[in-house]
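Single-letter residue listing:
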Amino acid sequence: MSRQTYFFLKQTARNLKQSWGTQLLTLMTVSLSVLIFSFFLLVYINMINASERLGDELRLIIYLDHEVIPEMQPRIRKKISDFAEVEKIVFISKSEAFHRLKEQLGGEQDVLDDLGADFLPPSIEIYPRRNLHNLTQIKEFSDYLATLPGAQKVQFGQSWVERFGYFTELMRVIVMLSGILLILATVFMVSASIRLTVVAKEAELEILRLVGATNTYIQTPLLIEGLLQGIFGSSLGLVLLYSIFLWTKMHLHGPGLFSVLTLQFFPVSTTVMIIATAILLCTGGSFASIRKYMRI
Amino acid sequence: MLKSFSEDRPFIDITKVTKVYPPDIIALQNVSLSVDLGEILFLTGMSGAGKTTLLKLICCMETPNKGLIDVGGYDLSKISASQIQSLRQQIGVVYQDFKILPRQTVFQNIAMPMEVCFTNVKDIRKRVDQLLESIKLTHKRDTVAGKLSRGEQQRVAIARAASNSPALILADEPTGNLDAEISEEIMKLFTELNAAGSTVIIATHDESIYRNTEHRRIELEHGLFSRQTQKKQLSLTGLMS
Chain A
1 MSRQTYFFLK
11 QTARNLKQSW
21 GTQLLTLMTV
31 SLSVLIFSFF
41 LLVYINMINA
51 SERLGDELRL
61 IIYLDHEVIP
71 EMQPRIRKKI
81 SDFAEVEKIV
91 FISKSEAFHR
101 LKEQLGGEQD
111 VLDDLGADFL
121 PPSIEIYPRR
131 NLHNLTQIKE
141 FSDYLATLPG
151 AQKVQFGQSW
161 VERFGYFTEL
171 MRVIVMLSGI
181 LLILATVFMV
191 SASIRLTVVA
201 KEAELEILRL
211 VGATNTYIQT
221 PLLIEGLLQG
231 IFGSSLGLVL
241 LYSIFLWTKM
251 HLHGPGLFSV
261 LTLQFFPVST
271 TVMIIATAIL
281 LCTGGSFASI
291 RKYMRI
Chain B
1 MLKSFSEDRP
11 FIDITKVTKV
21 YPPDIIALQN
31 VSLSVDLGEI
41 LFLTGMSGAG
51 KTTLLKLICC
61 METPNKGLID
71 VGGYDLSKIS
81 ASQIQSLRQQ
91 IGVVYQDFKI
101 LPRQTVFQNI
111 AMPMEVCFTN
121 VKDIRKRVDQ
131 LLESIKLTHK
141 RDTVAGKLSR
151 GEQQRVAIAR
161 AASNSPALIL
171 ADEPTGNLDA
181 EISEEIMKLF
191 TELNAAGSTV
201 IIATHDESIY
211 RNTEHRRIEL
221 EHGLFSRQTQ
231 KKQLSLTGLM
241 S
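Chains A and B, in that order, are what the protein sequence lines are.
First residue of the first sequence? That's 1 in our numbering, and the numbers climb one at a time after it.
First residue of the second sequence? That's 1 in our numbering, and the numbers climb one at a time after it.
Source of the hints: derived by calculation from the structure; they are not laboratory data.
Hints may contain errors.
Stated by the list, open to error - Restricting the straight-line Cα-Cα distance to at most 20 Å, the calculated cross-link-like pairs of lysine to aspartate or glutamate (EDC-like) are:
(1) A:K139 / A:E162
(2) B:K78 / B:E62
(3) B:K99 / A:E206
(4) A:K10 / B:D142
(5) B:K136 / B:E184
(6) A:K102 / A:D118
(7) B:K99 / A:E57
(8) A:K17 / B:D142
(9) A:K102 / A:E71
(10) A:K139 / A:E202
(11) A:K292 / A:E162
(12) B:K188 / B:E207
(13) B:K56 / A:E206
(14) B:K78 / B:D97
(15) A:K10 / A:E206
(16) B:K56 / B:E219
(17) A:K94 / A:D118
(18) A:K10 / B:D123
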């Protein structure tokens, strides 16, 4: 370690010791801001992942007036494929629909005893390609399918997909807002903390100037303070988030909605990005405060 | 020694300097003075005579309204911020109000000018211990400065000014709070520092510390040089008639 670095670190340690109360408060604020932001970001990312998985299972069903004769099927296939790329198109006859239902009912099959095998309408199941995940696109596709000859009704779990889409959109807005909160809170708190340090050390800074301290000598420890706030504040926030994540994963694992949500934590790159951003914001706040409140 | 200084000229050259504080308090009026390298100079006079102002002008704490000041080859009217920092690193100042940091230890206070210059840690320890011995405060090395008496704080201020072995030492009433015995020790310290190469300017109204010296003395009165006793003849203008 060079002699300069030694003195900078020594001066930083002295500053931290002198104003540990303020430093602790700033650290908690940075941690909390990072925690709030990264929590919503994590939820959002997991929802995006879930929507991708749901997209894989997305299918549109056209209920028809009457069965499509095999000769007509290629024409209908072409009409559908011309509008959007599809993975698979399956024609379901009345009897196939009946058998499926029977299988689904399992032990309760006897409820179908009084009904004929042709009481269910024939249908076409369409499995779109993954590029058709946008709700608007799905709706457009659904509207188009409804115009096909013989189409009675088109279903794709519209209300569920819509709700999921709106919720994802809401999460996106929350992530953005919490991001702004992170920026404002971090910059403001670090800047205020450095300002308090500057005010508390006014006499010392004056003497330092009088004995010939350079701007680098005076500013560097304050910038290091900001840097440390960023490193420790964001790390603490992420450790807390990871604990919450593990707890959630352990306690909410099971059937239902959470079977769709295979929870995943941030990849290393995102974690590093969050820490780097917090460091940048804290050091920036520190720098802004130094420029504003110190007579250099 | 200051890098830009050439020994064939006065170490400090003050030419027709006037300093007026708002609204119209004349602290110094058309004062000229030369100080040679290695000299000990006493500035005497009553309170408000302009002694402190003159010291502040020399160490760039104030700027003159008129006139030129050259210290160690630096023209203070044209000096840059980084040159001021460099110059201050080579000037040790004992302030009238000490400017001691009360929450830091005696050691930390004295070490500060050396830390600013990134001096080797071992050298800092050695030098501080040496100075503590000179000012008889070795036993208070790790005491918080705020707990010292005024006399002790003044000695710490003197040790801090001397710590960097500066080319120039400016002392404003350095014996103001000290008893006769300690004052004598302090003067001995200044003499030692002078012998080691520092130019020393002492502003004082304590007659006992300059009475029996053969060093040059200039008396200030209402911002003008009123009288001088000198070891050697120097040109002085601004004298009261």
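Among the hints numbered above, which are violated by the structure, and what are their numbers in rising order?
-> Hint check: 7, 9, 10, 11, 14 fail, others pass.
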